[in-house]
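Engineer: Top line first, the protein sequences correspond to chains A and B.
The first sequence maps to residues 1 to 111 in my numbering.
The second sequence maps to residues 1 to 116 in my numbering.
Take these hints with a grain of salt, some might be off.
[Claimed, not checked] Below, in silico cross-link-like pairs of lysine-lysine (BS3-like), each with a Cα-Cα straight-line distance of 25 Å or less:
(1) K41/B <-> K110/A
(2) K98/A <-> K55/B
(3) K98/A <-> K66/B
Hints in this document: simulated from the structure, not taken from any laboratory.
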Amino acid sequence: GEDVEQSLFLSVREGDSSVINCTYTDSSSTYLYWYKQEPGAGLQLLTYIFSNMDMKQDQRLTVLLNKKDKHLSLRIADTQTGDSAIYFCAERANQGGKLIFGQGTELSVKP
Amino acid sequence: GAVVSQHPSWVICKSGTSVKIECRSLDFQATTMFWYRQFPKQSLMLMATSNEGSKATYEQGVEKDKFLINHASLTLSTLTVTSAHPEDSSFYICSAVLTSGMNEQFFGPGTRLTVL
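Given only the sequences and the hints, what does the whole structure look like? Please build it.
Structural biologist: In structure tokens:
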């Protein structure tokens with residue numbers, strides 16, 4: 001079955017880089033996503049990567065995909081206090097575009 | 001563009017009553033919408049896939065008679081929690097699929113349901 005796993009917590013200092021990791025099991029996933037959720041709010045799409053790509057960079061965000069190991073990471077450069085939130089990775093299953101979410105990583109940025 | 005709204009943003013109701021939550025795609029049409037449930041500090045659990053003009057497809061373990069879904073138009077899906085109980089208290093999030101390119105899902109802001 002499909003399963004997505006993430007570490008639950010990450011704490012960094014303002015200005016440092018944050019790296020949030022995710023593993024997934026469905027090797028046929030087409031797209032892999034990173035979402036941000038602030039308290040009491042819905043999900044905001046941060047970035048995504050197509051399964052035939054190794055890396056994608058978008059301003060402060062860098063996504064790395066190791067398809068062989070089914071490992072996805074999100075690096076946030078120059079992390080700011082406003083980046084404090086829960087970050088979800090998700091894979092898009094082949095069936096009907098359903099998203100399978102990880103448990104979420106709570107990022108805490110200390111001044 | 002691609003904005004999804006939910007109404008209400010929060011609701012408190014008594015046990016045994018029914019609550020309707022609306023999900024609207026404001027600037028695009030969505031033949032498919034998804035309903036998720038999220039418990040505190042947990043991930044999103046897909047409840048059902050809502051298809052315009054046809055019956056919703058429910059995930060295993062989700063009671064279709066408990067959680068009624070109606071997708072009557074290309075911009076509106078509703079989730080009705082019938083005979084709500086305290087264990088139904090949760091954060092309900094919908095998403096709408098923009099049918100172009102990647103078939104991207106855009107998420108609503110969520111509805112906090114508290115059943116007393």
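Engineer: Now tell me, hint by hint, if it's right for this structure.
Structural biologist: Hints, verified against the model:
1. Distance restraint check for K41/B and K110/A: the Cα-Cα separation of roughly 20 Å lies within the 25 Å cut-off, and the hinted pair is therefore satisfied.
2. Pair hint K98/A plus K55/B holds up; C-alpha atoms about 17 Å apart against a cutoff of 25 Å.
3. For the suggested pair K98/A and K66/B, the alpha carbons sit about 22 Å apart, so the restraint of at most 25 Å is met.
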